[in-house]
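Chains as they are written, first to last, in our numbering: chain A, 1 to 336; chain B, 1 to 306.
Please note that the accuracy of each hint is not assured.
Using 20 Å as the maximum straight-line C-alpha spacing, the simulated DMTMM-like pairs for lysine to aspartate or glutamate come out as follows [unchecked claim]: (1) K114(B) x D42(B); (2) K63(A) x D42(B); (3) K90(B) x D108(B); (4) K63(A) x D108(B); (5) K186(B) x E270(B); (6) K186(B) x D238(B).
Since the hints were made in silico from the structure, they are not lab data.
As the structure is a computational prediction, the values presented were derived from the model and not from experiment.
So the chains spell out like this:
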Amino acid sequence: MQTHESNIIRRFIRITGLLSVVLVAALIVGLSIGSSGGGMTALWRGLLNSEPADPVLMTILWKIRLPRVLLAALVGAALSLGGLVFQALLRNPLAEPYILGISGGSAIGAIIGILIGLSQFPGVTLMSFGASLATLLLILGISMGESLLRKNALLLSGVMVNAFCSAVIMFLVSMTQDTRLHSIIFWLMGDLSLGDLQHTVILALFLVPCFIVIFMYANTMNLMLMGKEMAQSMGVHIRKANLVLLLTTSLMVSACVSQCGLIGFVGLVIPHLFRLLLGPDHRVLLPACILGGGAYMVLCDLLARALPQQGELPAGVITALVGAPLFVYLLKRSNS
Amino acid sequence: MQGIKISNLARVILIFVGITALVSVTAAGAQQRQVRDLLGRDLSVPATPRRVVALAPNITEIVYALGQAHRLVGATTYSDFPPAAALLPKVGSYVHLDLERIVALNPDLCLAIKDGNPITAVSRLESFNIPVYAVDPRNLDSVMDTIMRIGHLLQAEERADMLVSDMQARIQAVVERVGHANHRPKVFFQIGIAPIVSVGTNTFIHELIEMAGAHNLAAGNIAYPRFSKEQVLGLLPDVIIVTSMAREAAFERIRNDWYQWQDLPAVQHERVFVQDSNLFDRPSPRLVDALEILARLLHPELFEDS
């Protein structure tokens with residue numbers, strides 16, 4: 001047992017170290033490319049300060065690109081973690097806040113919040129949190145009669161709720177007459193462009209405690225994957241663990257949605273990728289999803305910024321374009 | 001030892017000279033003045049703006065009309081009038097500004113429109129110490145007010161005066177001419193094809209229609225109301241005016257679409273007109289051109305001599 005424990009710790013350190021390097025590399029690449037050009041050399045000149053710093057470049061680097069790449073990393077981490085937790089709790093590889101409509105639900109809350117003129121924080125975030133919880137309860141309620149173990153019941157009710165949420169969103173958008181409409185539509189497709197440093201810091205203060213809470217349940221999730229009886233016999237308080245994890249995840253997802261809109265597939269692709277690479281132990285998967293998901297999102301956002309000649313793509317478009325085929329590929333590989 | 005001392009002295013002198021030069025340059029360049037914009041904010045702008053970014057197509061048009069294009073270093077995506085404006089570096093669309101490109105152009109003044117440019121983008125630009133002056137051109141009067149304000153900001157007061165009095169004279173001429181009209185045709189003004197969208201009372205197009213001696217069938221509280229085809233047929237418009245960004249072929253199709261309804265007065269008298277939306281979708285100095293075109297379409301009998 002002793003060697004097993006130290007083995008886990010060694011793997012944890014190795015994987016965390018490796019993926020931290022990947023994340024930092026992604027952040028540096030994200031910092032060095034933007035719509036005004038720039039490139040690596042300009043960045044390094046700015047960092048190393050070998051000559052009088054160009055104030056314009058400094059503003060672009062530290063006040064425009066830095067908040068944005070940090071925001072992308074945070075959101076990517078939170079969404080990947082959200083997917084991982086949902087998949088463990090619901091014991092379904094397709095469970096993800098976006099697919100199940102939790103994101104859609106929190107988007108409804110956020111849009112209503114915006115339309116009645118609440119402030120971004122805490123008003124819109126709270127509305128979005130409330131709506132995401134309601135959606136979660138709705139999905140669980142619909143599928144509960146069928147017993148949670150029947151995987152399809154949960155997934156199907158999630159898909160239905162998601163379709164309903166999309167319809168409600170379209171309804172709200174079509175009823176809106178004013179100028180906010182355009183920005184709502186862009187935001188719905190996942191928009192990271194509005195992140196300033198203050199918002200990013202607030203989001204971080206919000207998300208990091210959530211990460212820690214989930215982290216404390218890493219081993220519990222391992223035990224729960226072995227089945228209800230097994231987990232209970234190992235001393236897991238299943239209802240409490242479920243409640244804490246689902247609440248924390250919903251909070252995390254709605255914080256991301258109210259800040260950046262709907263970004264899908266991150267929570268599917270990243271957990272699957274790492275389960276395939278690292279095995280099922282959540283004590284390793286959790287840090288891997290946080291760091292790897294962050295790096296993935298930073299790179300997706302970079303593509304969203306760099307691909308078009310004019311303006312930028314919504315980040316959610318890139319995550320879906322890259323994510324959906326990648327997920328199908330991973331699913332096929334894990335089956336074979 | 002001696003050599004080092006001399007070079008040190010030289011360095012000190014050099015630095016001193018450098019600092020003096022820098023101070024004098026910034027003193028000349030930093031001549032600021034206090035202004036209040038239409039968001040009600042007091043801000044400090046350079047007395048002589050040299051690097052201006054116009055954050056909406058109609059502002060670009062106004063700066064060009066004032067003959068101050070040499071100060072422009074950037075404009076938004078759809079800034080295409082005058083044609084030279086299309087060549088300016090682009091900084092995103094006016095609703096989705098690309099802040100990085102704006103900052104990279106190192107502007108000393110940005111001209112924004114109230115309620116058009118997102119306020120979050122405006123305040124972020126200001127957090128980078130770029131002054132943003134917001135104007136609010138939404139009808140003929142406020143376009144003329146905007147021209148005066150931008151003229152003042154860009155040291156082109158004389159040109160602004162000329163421009164505005166020319167606009168006023170042309171407006172006056174149209175109003176006088178349509179004053180002789182003995183009827184006010186009912187107009188359905190269509191700015192959106194699918195869905196059909198028209199213009200309510202609180203819009204500059206409504207103002208143009210009324211000024212051109214006609215009655216706007218979509219007048220009402222909603223700024224851009226939607227209509228079904230049925231509703232439009234029920235309103236029995238005497239004239240239908242459609243604005244579209246599309247080209248000639250599509251113009252034909254839009255017109256033929258209405259011509260299926262032979263009972264419509266507008267169809268019976270062949271008064272379905274398709275106009276280039278460029279003139280009618282932005283409150284710029286060209287609103288007067290739009291007014292003259294409308295008056296001619298609505299009251300051709302009054303313009304027969306010219």
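### Message
Going through the numbered hints above, which ones does this structure break? Give me the numbers in ascending order.
### Response
2
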